Amino acid sequence: MTRRLPALAAVALGLAVVLLLARGHRDVGYVRDEGIYFHASRAYADWAVRGLQSPSALFDRAARDRAFAVNHEHPALMKLAGGLSARLFSAPGPEGQPPEARAPAGLLPLMPEGAAMRLPAQLLAGLGVALLFLAGAGLVRSKRHVLGDSPAPAAPNPPRQRVSDAPSDLSSEPARTPPAPDLSPGTATPTSPPDLSSETFALSPLIPAALAALWFIGLPHVWVHAGLHCFDVPVAVLTLAVVLCYRRALASWRWSLLLGPLLGVAISIKHNALFIPVLLGLHYLACLALAGRRPSRGQLLPLPFLSMAVLAPPTVLALWPWLWSDPLVRLGEYVEFHRLHAYYNTEYFHINYNQPPLPWSYPFVLTWATVPTALLLLAALGLVLAVRKDLSERPSADIASARFTAPLRGHPARDGLLWALFGLFPLALISLPTIPIFGGTKHWLTAYPFLALAAAFAYVTLWRALAPTGRARHLPAALLPLLLVPALWSTLHGHPHNLSQYAPLAGGARGAADLGLLRGFWGSSVLPLFEDMYQRTGPLYVHDLHELARLQYEREGRWPPGVTAAPLSRARTGLLFHERHMLSNEVDLWNHFDNSAPIDVVTLDDVPLTSLYGK
Amino acid sequence: MPLDATRRRAAVLLGLVGLVAAVEWVAAARAYRTLLGPADWDAAAAALAALPPDEPVVLADDWLGPVARRHLLPLQRSLGRPDLHGAPRFHVLALGEPLTPDLRADLGDLAPEPLGVDDLGPLALHHFAAPSGHVLWDILDQPALLAADRVGACRKAQRTWACKHGRATVRYAEIGYRPRRCLAIDMSDGAAFELRGRVELGARLRGHLGFSDFNGRLRDDAPAIVELELDGVPRARWLVSDNQGWAAFELATTPGPAELTVRVTNLLAGSFTPAGYDPDARRVPCLDLRALMEPA
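So the sequence lines, in the order shown, correspond to chains A and B.
Per our numbering, the first sequence starts with residue 1, numbered consecutively.
Per our numbering, the second sequence starts with residue 1001, numbered consecutively.
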């Protein structure tokens, strides 16, 4: 197999994901946060377009602050990208509405304004899938990997024999150097470390590639977030990109120079990325400690970290015009906002939590409940196998003294430690009792790309150790659907309500309702009720549907005409997005309408997500 | 043989992962489908229509409520019941286990006796008898009581008493994340709301008090006081706080007519916010009181 095939397949899969998200998410209602981001995106893009027409406008502080004051508690990059995307691709809104309530036509009007704003996040999701595919494909290299190596081209017809290069943790042999996975796509300097065996079990790189990519994007909660004009999947993708870049940067000054700006881009998407350098620092220190030798001077001030320290802050500053005035004060406000974040309501085993501490088990149980168990099991195996291998490896004695531009060149890659740090830290962080209660799984999606890679590593390692022969050699490919179908089934079936979807062993949405797990929290499952609303015009109590999200439907001509948002006291009909704590709003609807039977209910497998009440 | 051991371990681990995945296929086939079709709801509607109208029918699976009420109007009758006392026979519509923790809490110390089950497809209608007497009267339906606060009588209009210091309304309220139909007493801080009148007593007076809603409970923990007087003699006084949820109280009574006074005093009706005490962000106590007969 040529090396071009995985690359082509990665691009194709990434594009397919973008297309499916772009089309499929037209059926996903606008979530609360998107309403605000849509509004901010328009303000940011207006400013940017004015700046393009007249660059001096960029330095008009009052105009800049006016534009970027909207939703300044989050960095601007994705909103700016969304706004510019709408300027390019937005279809015009309906005729007859005032200009401020109507989407303007973009240069190439291909899609509704909201869909156009979602596009940059969807493109990043496609990029993430492609990166995972390539990184997964790199896991089949059957040679010891040290930093600075490149993947060797796979033999077109590798021999089908039993492997003898299984990792030491699966054998009782003393630690011979096992093959290591390669996270990094692409090539650098070709080297030829000795193979452990002249006979290598051939595993197509497409198998771990597909496993890693689909492990991630095939999950219902990843899928639903991947298509939104939000930051959670984009920051997960950028975290992956930074880690892949860091790995290269440990042995290459060019990648080091890219690392700082790339981290800046990640931080410009969401604050989760602020933890990346800390985790990379831990990994670096672990690599130095495990090397078993005194660090050289160059290793004490390594270029990758220098790059992150020097180049990331100006990148963040450049990409977030809100910080151009009073940067330190505004940065302080930003940190304080998230440090003192308001507590949300979240249901966990029939208890509504809205004050700390949230049980430490929350992110772990929610991960189990939303990710198929076989995939989690494989990821856990991958972490154990890879970390044990990493802890037993030492650099060869003859590597040259490290320079600060390539501080770990020739050292073992220790990817297992990277996956463990980045795969477990987000969950551990949310499990801390002092962390504000934010809500659902989206807050630790950054862990999933690394769990996906660990799962693919486990799959490669175990099949190599088993080394099937004859017809059985096709088993790794044949059994891949066995692993992936539960997740894909869950996602396909749950669409467009995947925010409320749960894994098969949790019993899906019905099982989660029985268990008392949160159902949805963003007021988005409303599109199927539009038909009823067309027939019952008048004032509508919109409950948790954000007014700005409602206005977005209106701008695109999707909101039922004649239906106006109103307080419950004046409403003729009322929406209710079902959550445990929303019962207080539901009883208000019963009292107001003197009726507790909804006109219509949006359900996922019998579980009510949204109800429309009326007289 | 190290290599064989390695292969064996790999085979076991792969087998384990594959087995879990296979179980997930089966679980997915069960989970990812709608259980309840129109025919199932029709069957349930017919079964409920055949029940005596004065016997409560409750839904075991709370989460199914909106869909179930849409198809089965009789379920609205029992919505927000204070508990399962006062119902010698009751019926539970359930997808699975009928006596959920919530329904067991509503039964309290009553031990229900299963009378039978109607299989309605995915749903089942369970019939129970409970050693509980009938309800003689319910404060929510009692028109003969007079209301007052400390500055005078209150005016009644439909389901609301309007008083100088606030109002009391019969309505649904969220208490302990469950719906209850009760008398929501929204008075100013420390003001007592009083109901007085001649009533027929049974073996006991049984009531509940809880606070609505969850936001108010989060931001105010002050208790409320419930007092009962019979024929001008104070007979009982309870201090109820919101961490008791839907707090039940009971007073043994001698059957026969009596002059009843019920007084509820909410010590603090507002709530505490980062900006201080906000009297407008309300946390409202909600009362239910019924006279029950001895079980037959």
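The set of hints was computed from the structure by calculation and includes no laboratory data.
Among these hints, one or two may not hold up.
From the structure, some residues in chain A lie toward chain B, with a derived Cβ separation under 10 Å [unchecked claim]:
| no. | residue |
| --- | --- |
| 1 | Leu107 |
| 2 | Pro109 |
| 3 | Gly508 |
| 4 | Leu576 |
Not the full set, but computed from the structure, chain B residues with beta-carbon under 8 Å of chain A [said to hold, decoys possible]:
| no. | residue |
| --- | --- |
| 5 | Arg1007 |
| 6 | Trp1025 |
| 7 | His1165 |
| 8 | Ala1248 |
Predicted model only: the values in this text are computed from it and were never measured.
Where is the CB? At the ideal position from N, CA and C, for every residue including glycine.
Hint check:
1. Leu107: 42 Å, violated
2. Pro109: 37 Å, violated
3. Gly508: 3 Å, holds
4. Leu576: It holds, given that the least Cβ distance between A/Leu576 and chain B is near 8 Å, below 10 Å.
5. Arg1007: 5 Å, holds
6. Trp1025: 6 Å, holds
7. His1165: Hint violated; B/His1165 Cβ to chain A Cβ min 22 Å, cut 8 Å.
8. Ala1248: Not OK, violated: B/Ala1248 not within 8 Å of chain A, min 20 Å.
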